[in-house]
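There are 2 protein chains.
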Amino acid sequence: MKDIIKSKGDFTLPGEAGYEDLTLKLAEKWGADAIRDSDGTVLSDKIVSADYDIYSTICLVRADNTWAKANRDKLQQNYLMSFPVVAEDSQIEIDLLKDYFREQFEVNFNDDPKKWWQVFDRTTGEEVSKENWTFNAVSGTVIVKNVTKWHKYTVNFLAYRIWEAISMYNHITNNWGDREHQMPVDPIYPETQQFMLGYLQKWIDEHPKTKIVRFTSMFYNFAWFWGDPSLQRFHYADWGSYEMTVSPRAMQLFAETRSYEMNSEDFVNAGAYCTSHNVPSKKLLDWMDFMNEFVVNFGRKCIDLIHAAGKVAYMFYDDHWVGTEPYGKRFKDLGFDGLIKCVFNAFEARLCSGVQGVKTKELRLHPYLFPTGLKGEPTFMPGGNPALDAKRFWADIRRGLLRAPVDRIGLGGYLHLVQDFPDFVDAVKHITRQFRTLKQFHAEGAPYTAPLKVAILTAWGKLRSWVYVGHFIHGMELYEVTESLAGLPVEVTYISFDDILKKGIPQDIHVIINAGKAGTAWSGGEHWKNEKILETVTQWVAQGGGFIGVGEPSAVHSTGQYFRLSHILGVDRETGDTLSNVKKEPVNLPNNHFIAKDLKDEIDLGKTTDDIYLSGKNAKALSNKNGLSKIVVNEFGKGRSIYFSGFKFTPENTRLLHRSLFWAAGREDDFKPWTCSNVHTDCAYYPKTGKLVVISSSDNTEITRVYDGRGNASEVTIEPHGIKIIDI
Amino acid sequence: MKDIIKSKGDFTLPGEAGYEDLTLKLAEKWGADAIRDSDGTVLSDKIVSADYDIYSTICLVRADNTWAKANRDKLQQNYLMSFPVVAEDSQIEIDLLKDYFREQFEVNFNDDPKKWWQVFDRTTGEEVSKENWTFNAVSGTVIVKNVTKWHKYTVNFLAYRIWEAISMYNHITNNWGDREHQMPVDPIYPETQQFMLGYLQKWIDEHPKTKIVRFTSMFYNFAWFWGDPSLQRFHYADWGSYEMTVSPRAMQLFAETRSYEMNSEDFVNAGAYCTSHNVPSKKLLDWMDFMNEFVVNFGRKCIDLIHAAGKVAYMFYDDHWVGTEPYGKRFKDLGFDGLIKCVFNAFEARLCSGVQGVKTKELRLHPYLFPTGLKGEPTFMPGGNPALDAKRFWADIRRGLLRAPVDRIGLGGYLHLVQDFPDFVDAVKHITRQFRTLKQFHAEGAPYTAPLKVAILTAWGKLRSWVYVGHFIHGMELYEVTESLAGLPVEVTYISFDDILKKGIPQDIHVIINAGKAGTAWSGGEHWKNEKILETVTQWVAQGGGFIGVGEPSAVHSTGQYFRLSHILGVDRETGDTLSNVKKEPVNLPNNHFIAKDLKDEIDLGKTTDDIYLSGKNAKALSNKNGLSKIVVNEFGKGRSIYFSGFKFTPENTRLLHRSLFWAAGREDDFKPWTCSNVHTDCAYYPKTGKLVVISSSDNTEITRVYDGRGNASEVTIEPHGIKIIDI
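Residue numbers (the numbering used here), protein chains in the order written: chain A, 1 to 728; chain B, 729 to 1456.
Please keep in mind that the hints were generated in silico from the structure rather than gathered at the bench.
As the structure is a prediction and not an experimental result, all values here were calculated from the model.
The beta carbon of each residue, even a glycine, is placed where N, CA and C say it ideally should be.
Where hints are given, some of them may not hold.
Unchecked claim - Quick look at which bits of chain B chain A covers, simulated, 3 or more residues with Cβ under 8 Å:
| id | stretch |
| --- | --- |
| 1 | 807-819 |
| 2 | 844-855 |
| 3 | 874-884 |
| 4 | 965-976 |
| 5 | 996-1007 |
| 6 | 1237-1247 |
| 7 | 1300-1314 |
Said to hold, decoys possible - In silico DSS-like links for lysine-lysine, alpha-carbon gap of 27 Å or less:
| id | chain 1 | residue 1 | chain 2 | residue 2 |
| --- | --- | --- | --- | --- |
| 8 | A | 600 | A | 620 |
| 9 | B | 1230 | A | 149 |
| 10 | B | 873 | A | 617 |
| 11 | B | 736 | B | 1416 |
| 12 | B | 826 | A | 583 |
| 13 | A | 46 | A | 202 |
| 14 | B | 1348 | A | 607 |
| 15 | B | 1257 | A | 145 |
| 16 | B | 843 | B | 826 |
| 17 | A | 25 | A | 429 |
| 18 | B | 1260 | A | 149 |
| 19 | A | 607 | B | 1312 |
| 20 | A | 529 | B | 873 |
| 21 | A | 638 | B | 877 |
| 22 | A | 532 | B | 877 |
| 23 | A | 620 | B | 826 |
| 24 | B | 939 | B | 1029 |
| 25 | A | 529 | B | 858 |
| 26 | B | 826 | A | 584 |
| 27 | A | 638 | B | 826 |
| 28 | B | 937 | B | 736 |
| 29 | B | 1416 | B | 1087 |
| 30 | B | 1366 | A | 149 |
| 31 | B | 877 | A | 529 |
For reference, chain A alone in the conformation it holds in the complex:
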């Protein structure tokens, strides 16, 4: 193997001034070809002058605090909803920023509140007439007159962000003390654009040794509203939503180009904001399209400057990625040379790998070289075990990389922290070698993929392929399903309800997955009221399609059944409307059914949907010992369906899903080739190189039988988090 795999390259190291020797020693050991800075670090001359590509981070919206302070009316903004106040009298005074983090926000009284704000009676849902409220810029309050006693009132108001969210997070996490708070400026203003382009040109001129300019990222952070830390640190967090792109100027430009106006409530949405979890409205999609157009147009001007200087531009696909939409139609027009994604999981690796319109894709591995992880757990500090963390994260990510390639990997953070963790240094060395091996195999030809194509049906469709909605909410059905899918040898695509309405279900799809809670964008919410959707999916299954539902698939409170596809799924949920309808006793699916064959332990799907009952005459349930129907199997016409009452990414459940896909598609015979008997192991066969790669995600040594294309098995023993490469 060593003869064909290079031992250097495709690795980005975070350098650190003051630790020049360490930087260069680890660059050598890990085979780095590029050295980067991080938020809060700089690279010294000694590092910059060494023989590595220099990789410099720039975040234009927080680049120059002096300019920001001189142009506070051009800081970025967003709408906030004040916390509800119950009226105990006919007049109330609302302290707008009460219970928000006052170091993040400052009320914008510059743009006429009477024009841009709205006050709501949240008991009735009605807007309060503008004559009935006044604001006080000194006290930061709104006074509402003629209120109805005992109703709840809120104000939608504009707030400047006076501390940029990511640097705020880094500052607080790393205890940067009295370091100045960086403020984000908004490129929506021509003056800001002019400043930014000037700043960028100057920066380019001052960084002659920089080869790769890493944008962190473009202009707008994902939505992250913080609360009063004495009550609750985080108030609202959504990695995919656009609340932080709003300003009066942007709304005016939107009205001019889209011929209608957005108002504050379009963004505030009674305090739910425009979360990615909810079905996007036409207005929200229009706004996203508008902001995407703006970000791409102005972003391209920045990237043109980079290219003109003979450098390349990479985008960090986190932080301020909003507006760039890597799965959108305009992403290629930005002209980026590379895309960097910070990853914990296999599906995030697929998220990065699947983007079109950019040449180089790079993964930023975890753990970050920070004292603590995202949940505050110890990492590079006493009590942490970063080597084990690195192996586990890598084992998870590697499942995705077995199926789809990226071009580079790298680390982030403060390099000096690794000094006390030599086993981490060794672990990274092993990871870099494995990565280069897999990259080489992919380069020579794609791995074997079974003749089975899965479409994940959501309200977002392709735009949010390999969906990822933040560090803050795990356990969602689709999140867990996606992680299982990311390592399976099947083709995966995303479709939206609009796709189905416009084009029907593509001919090459074998199985549709619909997963999530009722009302969410993932399950589909209101779209399931559309009879055309129901007709199309019903016909498709009747004619032989496979349907897998998880949680509350096709669910919406409407007429008839709650699960609108209950005739397909054979299952429905009692939501309290039909409590006197006696529910059928579950009929058990035999334990040796195709989908259950590799199950050894009790099924654990995590938090499952309750009050599920069998509605189909022939539906059968795979039940737990305690009798709960966890999984229901049904047939409809020539098609098949499987219902999961929940899902949790585990090796056992991944196998259950894997088998379910093939059963639902009626392709049981195609399941076995190039699979492993042991659910803790995965394998991929690369026919062009004649290599079979077997990997383990287990903390223990595992023995597994690996089936080749003819179904012949060979036994393989594999170390914890290990990899074996077999010549075929």
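Please arrange chain B on chain A, whose structure you already have, making use of the hints.
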């Protein structure tokens, strides 16, 4: 004690021909003063001639099968919805009774289907035009033309009931083999009324020795639709709903007197029917009022015949009770002398006890003298332990009887079955003595009740006081709460949302309980969209009221919070609309909080509501070891609230509720007098007799401290299911 308590009377024994000696022996042993027949038994001359009040059962609607067979167009009817059929072509044929129990139903083709039936596209919820369907009386089908492929269709059709539901149940349960199926006739027709009155007069003349005529009950069974037994025995069951009162004639009379028409869908309601669990519509309430008026008017004619013969009339408050509404305004007009309720629980004893307008109230105790119980479990057969069953049921019922009296108790079923169970015979003897003792104490003066009045707020209000909705659905929050309440020394009343709108919250209420799933009549559903309700309850709590919410109190999908009283409760439920709003970490309530003081074990509230989060800044949670917030305590203005995420009737939870009532009312100091330290025991003090009664619901011997009116404790040891009477 013995000197004041009589040893005979107030007990009804089920006699049985062929077992005359046994009948008279047990009548003596149990101190019976009345002997009854049962469905399927007769009393012989020897029994009838003994010195007991004779107590004969009559059920007029199934009294004469010969007449019924000769008048099949006057059988009782109901609407059924055919099971949904998915259209695979442009025309479908629906077999109306498919998957229903064909021995219960026969399609009514006599009354013009085109007038009385409706066909629905359940995918869109729209009715199919009458031109597009035809019916075939021979095949029992409906053919629907021009359907939309892949939509679901159903037919609302009228069915005669050809087997009366209760005798059908008794027949099948007791294996009556080829005994003729009794058919229910409908008194809505003048001919039926004439027949019934004639039959009744003849029956009176033929039963000169009968003193008490027990009606089983009046005319209409609670709704009970059975399914094809090969699939599912029961399809729809609701002890309180009116589906079985429907007929074209009744609908015509309704239209004449109420000036608008009901249609089939008013009863079918997309297959959910008019379950008591759902918020009643205005139309349903009008229908109930109409049927109540009819049942009372014609029922009174029957009872007048009884009285004219010098006999008394009792009503069995089960089976065909629908239309009589014992908590309704007309019940007294029926003129019944007695009311008999079959009871398992304390709250059912309260249900019977609380009825106005009838002199004698009698409880029919469990177990029935049947081989098996309602769930098919062995009772009077090998494997059964009817003595223990009797003691346990009695211990539960006795909690209610401690607080509110009834006049008689009795048994039902087939007396010969007790012959092999002498310990059952002894147990009943003890029960009769205890009953007479408690009755005597109540007769001398009411027991001590704490100065605390609780109102249960539901969409039904007083009409469904001590609500009971059937043998078929337990575990409902309000069902469990009510059973706990039924034995507590507090005053309990019921109010509806309409009561609040019309009269506000009565001055004497200290605590409101709202318990149930969202959308149900128990929680209140749509009523919580009414801002006047929200204003009134909010103001009332702010001014010092106590509010206890269980499950999904005040919940409705509307504007603002899901729990519309979240400002009072300090808690809300995430239903998927605000998934990106970060939820507060629960703040723990100290374990020594007033409500938690008697808790020893982990809190087990049964099946709890998931996705609950603290929404109030000052709300505190009493959490389980696994961290789930089960109970949340909050303050609002001068008032207090407690939220339970579920409820299960257990001794521990009853105490938790008991303490919660006093805390919510701000009356902690009034809690202690006349309570027991051991949660498995209850006590009641009867000041007029100077007696303190201590009871145990435990299967074990219990030691308890009993607090008197001054808070002084005395220790009492009490046998399993025992009772102690202490002179004070």
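Verification of the supplied hints:
1. For a cut-off of 8 Å, the count of residues in the stretch 807-819 of chain B with a CB near a CB of chain A stands at 3, and the three-residue condition holds.
2. For the stretch 844-855 of chain B, the stated coverage by chain A holds: 4 residues have a C-beta nearer than 8 Å to a C-beta of that chain, and at least 3 were required.
3. Counting residues of the stretch 874-884 of chain B whose C-beta lies closer than 8 Å to any C-beta of chain A gives 5; at least three are required, and the coverage claim holds.
4. Requiring three or more residues with a Cβ within less than 8 Å of a Cβ of chain A, the coverage given for the stretch 965-976 of chain B holds, as 3 such residues are present.
5. Beta-carbon proximity to chain A at under 8 Å applies to 8 residues in the stretch 996-1007 of chain B; the threshold of 3 is reached and the given coverage holds.
6. With 3 residues having a Cβ less than 8 Å from any Cβ of chain A, the stretch 1237-1247 of chain B passes the three-residue criterion, so the hint holds.
7. Evaluation of the coverage hint for the stretch 1300-1314 of chain B: fulfilled, as 10 residues show C-beta separations to chain A shorter than 8 Å, against a requirement of three.
8. Pair hint residue 600 of chain A plus residue 620 of chain A holds up; C-alpha atoms about 20 Å apart against a cutoff of 27 Å.
9. Pair hint residue 1230 of chain B plus residue 149 of chain A holds up; C-alpha atoms about 19 Å apart against a cutoff of 27 Å.
10. The suggested pairing of residue 873 of chain B with residue 617 of chain A holds, with an alpha-carbon distance near 25 Å, which does not exceed 27 Å.
11. Proximity of residue 736 of chain B to residue 1416 of chain B is assessed by CA-CA distance (about 23 Å); at most 27 Å being required, the pair is judged to hold.
12. Distance restraint check for residue 826 of chain B and residue 583 of chain A: the Cα-Cα separation of roughly 17 Å lies within the 27 Å cut-off, and the hinted pair is therefore satisfied.
13. Proposed proximity of residue 46 of chain A and residue 202 of chain A is supported: the alpha carbons are some 22 Å apart, at most 27 Å.
14. For the hint linking residue 1348 of chain B to residue 607 of chain A, the alpha-carbon distance of about 24 Å falls within 27 Å, and the restraint holds.
15. Between the alpha carbons of residue 1257 of chain B and residue 145 of chain A the distance comes to roughly 23 Å, so the proposed pair stays at or under 27 Å and holds.
16. The straight-line distance between the Cα atoms of residue 843 of chain B and residue 826 of chain B is roughly 22 Å, inside the 27 Å bound, and the hint therefore holds.
17. For the given pair, residue 25 of chain A sits about 12 Å from residue 429 of chain A by alpha-carbon distance, which is consistent with the 27 Å threshold.
18. The suggested pairing of residue 1260 of chain B with residue 149 of chain A holds, with an alpha-carbon distance near 10 Å, which does not exceed 27 Å.
19. The hinted pair formed by residue 607 of chain A and residue 1312 of chain B meets the criterion: a straight-line CA distance of about 20 Å does not exceed 27 Å.
20. Proximity of residue 529 of chain A to residue 873 of chain B is assessed by CA-CA distance (about 23 Å); at most 27 Å being required, the pair is judged to hold.
21. Between residue 638 of chain A and residue 877 of chain B the CA atoms are separated by roughly 16 Å; this keeps the pair inside 27 Å, and the hint holds.
22. With a C-alpha separation of about 10 Å, the suggested pairing of residue 532 of chain A with residue 877 of chain B holds against the 27 Å cut-off.
23. Between residue 620 of chain A and residue 826 of chain B the alpha-carbon distance is near 21 Å, which keeps this suggested pair within the 27 Å criterion.
24. A C-alpha spacing of about 18 Å is found between residue 939 of chain B and residue 1029 of chain B, which places the hinted pair at or below 27 Å, so the restraint holds.
25. Distance hint between residue 529 of chain A and residue 858 of chain B is fulfilled; the C-alpha atoms sit about 25 Å from each other, no more than 27 Å.
26. With a C-alpha separation of about 16 Å, the suggested pair residue 826 of chain B and residue 584 of chain A falls inside the 27 Å cut-off, and the hint holds.
27. For the suggested pair residue 638 of chain A and residue 826 of chain B, the alpha carbons sit about 23 Å apart, so the restraint of at most 27 Å is met.
28. Taking the CA atoms of residue 937 of chain B and residue 736 of chain B, the gap is about 21 Å. The hint holds against a cut of 27 Å.
29. At most 27 Å may separate the alpha-carbon atoms for a hinted pair to count; residue 1416 of chain B and residue 1087 of chain B meet this at roughly 23 Å.
30. Proximity of residue 1366 of chain B to residue 149 of chain A is assessed by CA-CA distance (about 16 Å); at most 27 Å being required, the pair is judged to hold.
31. Using a Cα cut-off of 27 Å, the hinted pair residue 877 of chain B and residue 529 of chain A holds, with the two alpha carbons roughly 16 Å apart.
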